[in-house]
Amino acid sequence: MSALTNSLGSFIKSSIGRKIIVAVTGLALVLFLAGHLTGNLLIYAGQEAFDEYAHFLHTFLHGTGVWIARLGLLVCFGAHLWFTILLTRENKAARKGYAHQATVQAPKSSLIMIWSGLTILAFVIFHLLHFTVRTDAELAKIGAESPWKMVIIGFQNPLVSLFYIIAMTLLCSHLAHGVASIFQTLGLRSNRTAGPIRIFAKAYAAVIYFGFISIPLAILFGYGSDAVK
Amino acid sequence: MSHLNLTLKVWRQDNATSEGRIETYEAKEIPTSASFLEMIDIVNERLIRDGEEPIHFDHDCREGICGMCSMTINGIPHSKERGITTCQLHMRKFKDGDTIWIEPFRANAFPVVKDLVVDRSAFDRIIAAGGYISVRTGSAPDAHAIPVPKSDADAAFDAAACIGCGACVAACKNASAMLFVSAKASHLNHLPQGEVEKDQRVLNMVRQMDAEGFGNCTNQFECEAVCPKEISAQHIAKLNRDYLAASAREAVAP
Ligand code: HEM
Ligand code: SF4
Ligand code: FES
Chain X
150 MSALTNSLGS
160 FIKSSIGRKI
170 IVAVTGLALV
180 LFLAGHLTGN
190 LLIYAGQEAF
200 DEYAHFLHTF
210 LHGTGVWIAR
220 LGLLVCFGAH
230 LWFTILLTRE
240 NKAARKGYAH
250 QATVQAPKSS
260 LIMIWSGLTI
270 LAFVIFHLLH
280 FTVRTDAELA
290 KIGAESPWKM
300 VIIGFQNPLV
310 SLFYIIAMTL
320 LCSHLAHGVA
330 SIFQTLGLRS
340 NRTAGPIRIF
350 AKAYAAVIYF
360 GFISIPLAIL
370 FGYGSDAVK
Chain U
193 MSHLNLTLKV
203 WRQDNATSEG
213 RIETYEAKEI
223 PTSASFLEMI
233 DIVNERLIRD
243 GEEPIHFDHD
253 CREGICGMCS
263 MTINGIPHSK
273 ERGITTCQLH
283 MRKFKDGDTI
293 WIEPFRANAF
303 PVVKDLVVDR
313 SAFDRIIAAG
323 GYISVRTGSA
333 PDAHAIPVPK
343 SDADAAFDAA
353 ACIGCGACVA
363 ACKNASAMLF
373 VSAKASHLNH
383 LPQGEVEKDQ
393 RVLNMVRQMD
403 AEGFGNCTNQ
413 FECEAVCPKE
423 ISAQHIAKLN
433 RDYLAASARE
443 AVAP
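Listed in order, the protein sequences are those of chains X and U. Take the first sequence: its letters are residues 150 to 378, numbered as in our numbering. Take the second sequence: its letters are residues 193 to 446, numbered as in our numbering.
Some clues are possibly wrong.
As the list claims (entries may be wrong) - Sample of chain X residues facing chain U (criterion: CB under 10 Å; computed from the structure):
id, residue
1, LEU157
2, ALA172
3, GLY214
4, ASN240
5, PRO256
6, SER259
7, ASN306
8, THR334
9, GLY336
Hints were generated in silico from the structure; no laboratory data involved. Glycine included, every Cβ here is placed at the ideal spot set by N, Cα and C.
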C-alpha cells in the first residue's frame, strides 16, 4: 500500500505526471464538449425535441444521472484548472526572458493557453449562472416551462451572444493546440502521425467552434423569434 | 572577399551574482568567410587592444560536435539556421549593417557564469541519474553478440546524436529539458543493453530533471526546431509513455 501511495505521490509531483493529468482531464472535457454540442444542436429540431432532450437529461436515472455527470465534470475541470495553473507558474519561474525574443515554430494558440483557459473559466461560471442556476428570475420562469424558449430569449441579448462568441473563439484556440497536445503528452504521437494529429485537432476545434457559435448567430438573425413573442 | 560592418548587442555579466546588461559593440570589417565565433574573436582582439574586457564565451571543437558554443542569436539558440551549432554558423548568413543580439542560453537551471558562459552541469547530474548501462568493463564484446533490429538501432542512433548542448532548454519558453532527457533515455531504452534498467532509468532521470528546476513541456516543439542534431520531439512522446509505464509498474510491483 505504501509503495502504491508513494509512487502515486511522486507521479503527481513530477512534471510528466502532472502533464498526464492535464491531458486526461482535458480529454474528458473534449469528449464532453462533443456530447454537449450534439445536444445543443437539437435546438434546430424545434421546441418539442429540445425540451424533451432537456427533460431526459434531468430525469435520467431518476435524476441522479445529471448529478453524476456534473460531479465528474467538476472533478475534471477542477483538476485541469489546478494543475495547469501550477504548471504555468512553474514554467514562468523556470527562466528569465531574452532581451530579444523570438519564436521559431510554436503556434500562437500554444502561447496563450493560460489566457484562453481562464477565459473559458470566466465563461463557464457565467454560463452556469445564466442557463443552469438561472439567477435571472424571469429567465428561470421561462426555463422551467421551456428550456428551448429560455435559450432563444437568452441569446436575443446581443451582449450575451457577443461574450459567448468571444469565449468560443478562445475555446477554439485552446482546442487547436490542446487536442493535438493530448496525443503527445500521452505518448501517442510519432513523426508519422504528427501531420494527421495536427489536422485532426484543427478540424475538431473548427467543428466545435462553428457548431456552438451557429446557435447565437442563428438566434440574432431571427431564429425562433416568432415563437417567443 | 566581401566584408560586413555590424552592430552587436551583447549580454555582459561580470559573474554569477552580478546583474547583467546589454552592451553595444561595433563589429567592423568582418569577412563573410568568418564563422560566427571567429567574428567574436575579431571583436575581442580589438577589445583587448583597447584595454577592455573581452566577451567571454564557451567553445571547444568548433566543428559542431562538442556542444559547448552556447549562444542565443537574435532570440534563437544557435541562430535561426536549422541543424547547426553556433560554431557552424557563417557570417555570410548576415547582411551589412545588421544588428545582432547575442545572449547566453537562458534557464534558471543553467546559471550564467560570466557573459555568455553558462553552467550546464545540471545535464551531467541527469546523466549520472540514469544515462548509462551497467555492464562489466574489460575486453569489448563481439559486435554481433547481441542482435539489434535495424529499426531499433536507427532509432537509438538518431537519439544518440544529441551532443548535450542545451539549445533545447534555451529555446523552450518553459526552460524544459525534455528533449535532452528524452534523447538520452531513448538512446538506451531502444536497445537490448538498455532494456534491463529501463524503468529505473526513466524514473530517475525525470526526477533529477525536475529537481534541477527545469520547466514543464507544453508541446510547442521549439526544442526540435533549434536542435543542431535535429532530434525529433517524438522521443519526448516516448519518454512520456515510458514514464507512465514505469510509474505504473513501480506502483504495483516495486
Ligand atoms: C472546456 C474546457 C477545457 C477544455 C476542453 C480544455 C482542454 C485542454 C486540453 C485538451 C489540453 C492539452 C493537454 C495536454 O497538454 O496534453 C489543455 C491544456 C491546457 N489547459 Fe485546458 N481545457 C479547458 C479548460 C481550461 C481552463 C478553465 C483553464 C484555465 C486555466 C485551462 C488551461 C490550460 C492550460 C494552461 C493548458 C496548457 C497546459 C500545458 O500545455 O502543459 N484549460 N486544455
Ligand atoms: S537534444 Fe539537441 S538541442 Fe537538446 S541538448 Fe541534445 S543536441 Fe542540444
Ligand atoms: S564549439 Fe563544439 S559544437 Fe560548437
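Tested hints:
| no. | hint | in the structure |
| --- | --- | --- |
| 1 | LEU157 | 6 Å, holds |
| 2 | ALA172 | 9 Å, holds |
| 3 | GLY214 | 31 Å, violated |
| 4 | ASN240 | 4 Å, holds |
| 5 | PRO256 | 8 Å, holds |
| 6 | SER259 | 5 Å, holds |
| 7 | ASN306 | 36 Å, violated |
| 8 | THR334 | 6 Å, holds |
| 9 | GLY336 | 3 Å, holds |
Going through the hint list in order, the structure does not satisfy hints 3, 7.
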